[in-house]
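Chemist: Protein chains in written order, with my numbering: chain A, 1 to 325; chain B, 1 to 220; chain C, 1 to 144.
Source of the hints: derived by calculation from the structure; they are not laboratory data. Be aware that one or more of the hints could be misleading.
Under the rule of at most 30 Å between Cα atoms (straight-line distance), these lysine-lysine pairs were calculated in the DSSO-like manner [to be verified]: (1) 233/A <-> 286/A; (2) 103/A <-> 79/C; (3) 79/C <-> 61/A; (4) 208/A <-> 92/B; (5) 208/A <-> 226/A; (6) 233/A <-> 68/B; (7) 106/B <-> 92/B; (8) 79/C <-> 233/A; (9) 103/A <-> 61/A; (10) 226/A <-> 286/A; (11) 286/A <-> 103/A; (12) 233/A <-> 103/A; (13) 233/A <-> 208/A; (14) 226/A <-> 103/A.
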Amino acid sequence: MIEILSVTGPASVQDLGRFDQYRFGVGTSGAMDDVALRAGNILLGNDENAAGIEIPMLPFKLSFGRDRAFALTGAGVEAEIAGRSIPPWWRSYARAGDVLTIKAMSHGARCYLTVGGGIDVPIVLGSRSTQFRGEFGGLHGRPLQPGDILPCAASTATIGELGIEPADLTLARANASTDETIVRVVIAGEYDGFDGPTQALFWRSSWKITPQSNRYGYRLQGPAVKPRVPIEKRSHGIVPGVIQIPPNGQPIIQMRDAQTSGGYPKIATVIRADLWRVGQARLGGKLRFEQTAYTDALAAEAEMSAYLDRLRTNVRLVEEIRACR
Amino acid sequence: MTTPDRPRISLLGTSALLFEAPGAFDLPHQRRIWSLAATASAWPGIREAIPGITNLMLTFETPPRELKTLITALNDGWDEAEGIAIGGREIKLPVTYGGEIGSSLKSVADHCGLSVDDVVSIHAAPLYTVFALGSHPGYCYLGGMDPRITMPRRQTPLQRSAGGSVSIGGSQTGVSASPGPSGWHAIGHTDWTFFDPSWPTPAALVPGDIIRFEIERVIR
Amino acid sequence: MPIELTDIERLAQILERSGVDAIEIEESGQSLKLVMDTGARMAASPMLAAAAGPAADHSVIAKADVAGHFLAAHPWRDKPFVAPGQRIEAGAIVGLVKIGLLYAPVIAPAAGTVDAVIAETGAMVGYGTPIARIRPLGKISPIS
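Chain A with its partners taken away, still in its complex shape (with noise of 0.2 Å):
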């Protein structure tokens, strides 16, 4: 089990997601960044659903009641376990009693800890995900707090140290800069409703990302996108990444603990494979919008399921390696 000792902002335990209960009205939640969180339980040799914590501010502080693996991937953050430093990226290990300690965070906006074995709290509907508005999964259906104790699963992690470079540099896009992000996009259905001008200034537009960006949804700030006319729907089901454009002309990303159902138009919908690109986005950098075809976005999804094996395999490979010797 570990025990959490300081935490600064809403840190939380997730999974992937719930992603079959949209007919009681209930969202996905799951991890922000799912790459961060696979590539953490890869290394672990966990399932890659096994739940971790989503640590989005810092510092955090938490200590180990055993001998255990673990890893830390997502944002690039200063950390330390007694004494040693843990580079980005990592899987290290605790002894029992040892403290980790979580410092600051210089690239990315949320941090994932995993375990050997995973976090093992019940699974709820389906997931180990916790649901804010219904407080429910995760540890009590709330974000964590000083004196909570997380039981972990059994585990038969390796321990040793290993490494693997941060997705963001695997998985680079072509003209993105440090403070800004581009993610690719389906058009939604009332892209049609924009005219033209419209639709290329959403395009070319640069979006601040504003502090009111979280978990539910990322708040853009920019020239105003106003459809011909306003458009009002009739409540209708959405996902994580859909754009809406509220009458204020500034688009919301939708992200894990978003309504599982809305009215405004859609313009776009952020693609799977770069969902937790925006997860990663911090607050105050910007965000750019790239058009791509349904067939498209389908081919970068194989795309990252050929980078998910390639790291499982990578991972396999260097165990073998070092287990010959």
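Mind docking chains B and C on chain A? Use the hints.
Modeler: Relative to the frame of chain A, chains B and C by itself:
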């Protein structure tokens, strides 16, 4: 805007597809949506078929390589869909109108040029049908509100509205299942439990169920 | 443990599958280096070995334990893991070897002061390639 006479089908990235039925926001159309949902949920590659208000979202287990087959199936499915009656249980919800949680009761009355008592009796008179679940766990979209108590949604949503709030938003009414932000006007509240993840079916109500609001108390 | 032909085949398959450029294994009396034909450049591990010089003094050498490209600093960090003159503990990371998508740490075998980082960033290193020379603590000249 004129309502198109053919369904509209649009993509939600590679995760889902949205089918919007032509025609009015009424029970006969909604019954066809329920029918189409039942059919589509059995199609290969479909994870869930989720009714909205005269629309249907299909989430993908595996996104289809090409969309034509699915689009044709949806259009044909809609043409063939016979309205079905589902749910059908009648649930009485005791409501305290007004008070701290229902603090917009007076402003709705003022907006509609009615007395507080009129708003309460008009709101509590009809049998409401659960058209769809969505928004947050256990929340029900209801059909059947008397248009005399219509009030436009708030310009700026409230950061936090209480769980159990009975609210009006435009020509719709509903009851929130848990505390959270809301752009609607709360006119009362109920202590009823709409959602519990430990129940075999976590939501208390399903589409097609009937709600009758019972006036427990009016705080003027 | 002699290296069998089947091992080589298996390793070659693993390399191909994983997109790793090269692998080098040295056992007593034999060594094996597999390089995928990807137009890869081979920097010289023998040269690096020479640069390390004989460990005639009491210094210890931190060596690579997998083949790949050496990184003195994590790409997300400005500063290298260690610099000459720095005190480090046994087990400290002195650099990384990039192998495919992974970073394998090069570990200090003993506590001490970093004398020199021998390998250069970007250089191809192999199993046993010296990476850093460390002057151990507590092994000061015998008492006169």
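Chemist: To test your reading of the hints: which numbers does this structure violate?
Modeler: 4, 8, 12, 14
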